[in-house]
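Novice: These protein sequences, in sequence, are chains A and B.
For the first sequence, the working numbering assigns the number 1 to the initial residue and increments by one for each residue that follows.
For the second sequence, the working numbering assigns the number 386 to the initial residue and increments by one for each residue that follows.
Hints were generated in silico from the structure; no laboratory data involved.
Keep in mind that the hints are not guaranteed to be accurate.
Claimed, not checked - SDA-like mimics (lysine to any residue), calculated; alpha carbons at most 25 Å apart, straight line:
#	chain 1	residue 1	chain 2	residue 2
1	A	114	A	147
2	A	160	A	198
3	B	433	A	229
4	B	433	A	160
5	B	433	A	298
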Amino acid sequence: MTIVTQAPVAQETSPVTDRASARAFVDTFIVPYAEAYDQAGYIPEELLDRMAEAGLWAPFLPEEVGGAGMDLVTLGEVHEEVGRGCSSVRSLLTVHTMVSWAVQRWGSAAQRQKWAPALAKGEVLGAFCLSEPGAGSDTSGITTTAVQSGTGWVINGGKKWITGGQRADLYLVFARTASSIGAFLVPRESPGVGVRPIDDMLGTRASMLAEVTFDDVRLDADALLGPSGFTAGMVLTGTLDLGRYSVAAGSVGIIQACLEASATYTSAREVGGSVLRDLPLIQAKLSDMVTDARAARLLLAEAGRLKDAGEASTIMATWVAKYFASTAAARHASEAVQIHGANGCSPDYPVARFYRDAKVMEIIEGSNEIQRITIAGQADREVTS
Amino acid sequence: MPNTAESQILAFVRSRYPQAEITGDQDIFSLGFVNSLFAMELVMFVEKTFEVTIPNEELRIDNFRTAGSMAELVGRLSEELAA
Ligand SMILES: Cc1cc2nc3c(=O)[nH]c(=O)nc-3n(C[C@H](O)[C@H](O)[C@H](O)COP(=O)(O)OP(=O)(O)OC[C@H]3O[C@@H](n4cnc5c(N)ncnc54)[C@H](O)[C@@H]3O)c2cc1C
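Input sequences plus hints: build the corresponding full structure.
Specialist: And the structure:
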């Protein structure tokens, strides 16, 4: 295994409170090492600790539990910046965000007290466990079960492709109960939890994916998060909504990173006596990157604004933002590699990583196809006459 | 129709399902409209519009069957808030 060395420890960590401070953090502690993380296939503990010091893990949690009460528009900007630097780090942030949000939104006072402060500080890192070997897009196909036993629960089954699964301390596990699908908070150290690393993925290679198994895992009653019955699905819907928002933000970050790399490269590289950026076909690619970066950012900000306002329409706005941003990221990452020629295919430039990471964005948190199916359901609502 | 909680909720449901003909006492679940996405939208709409927080134990199907039952829930939660 390649060992990743981090920035000099002497460098101070400032709190991340907005886009500018996030950008400074990412440029200092992430961008110079992202390629090495990707090749090593993991994120070093030192960076995870620095993120905790900077208050990056769950700044949207309220101040009383140790968060910063950050609004979601700003959170989107922060996740964009992290995504610009490294999609693997952003992925870890996404799943931790999902778990923290779920605890805050659906937890009882006791559950919030138990978990929120440690999640806010990044002392406990969360992972989101929904997908299984046999069930991805079709979440109704999950077979992991949670059976009531005395006052508690017993969980059996296996989850796959769990981002951060190798490192997480707390799993939010979706399991089939007698009446519906329930969400369970499962500490990693619970007897019966097994973790098998998944290596060598196409993209987000350092996001420490794992297969997580549950073999007669016994939990207390307070492991069940949120309502049971018909609204239990809302825990999943709401959690995925925030994950989708974060992935949309990360995708905007990828577009921006492609734009920045391409702008730099095309102003230096000469072909046939002119720099690349003076060639009309290259200009067409750059103009589309500039335009889509702005459009995606605006869609994200609108979804965030609606979240901050508590508007129901944020859910569809988030689908639209994620669909637009992820497909644009995949398109522009491909063009960024094209613009860089052979250099773009080498590890000497970051665009090959962007290209691989961008493809993942079209699959996670609702694949392209599922997004289009869902957004098509909006068509009728858009008819104004 | 006066601008009651029930009529506001009905208007929201109709805006989401423009083709459907729905009345205040009709079971929206039996019409097959409700998926978890819509349930989430509905809860957010009710919380935002009527400035209430619906606790987990009130997230029961009977409270959400009809626009009328949702309006009753809103009334109850608003009273608790005022008390
Ligand atoms: C890097 C990475 C990280 C991940 N992290 C997590 C995680 O942290 N937690 C977690 O729970 N899961 C995670 N996943 C899993 C991810 O959520 C699933 O891969 C995703 O939901 C798609 O499911 P699937 O892979 O089983 O594809 P399938 O559901 O088998 O779909 C295969 C293809 O068919 C398409 N398809 C499916 N249904 C339809 C339809 N009705 N009409 C048309 N086309 C359709 C899909 O879009 C896809 O292209 C991760 C995946 C990756 C790659």
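Novice: Compare the structure with each hint and give your call.
Specialist: Results of checking the hints against the structure:
A threshold of 25 Å between alpha carbons decides the hint, and for residue 114/A with residue 147/A the separation of about 23 Å falls inside it, so the pair holds. At most 25 Å may separate the alpha-carbon atoms for a hinted pair to count; residue 160/A and residue 198/A meet this at roughly 9 Å. Proximity of residue 433/B to residue 229/A is assessed by CA-CA distance (about 23 Å); at most 25 Å being required, the pair is judged to hold. Among the hinted pairs, residue 433/B with residue 160/A is inconsistent with the structure: their alpha-carbon atoms are about 36 Å apart, more than 25 Å.
Taking the CA atoms of residue 433/B and residue 298/A, the gap is about 23 Å. The hint holds against a cut of 25 Å.
The structure is inconsistent with hint 4 alone, although it conforms to all the rest.
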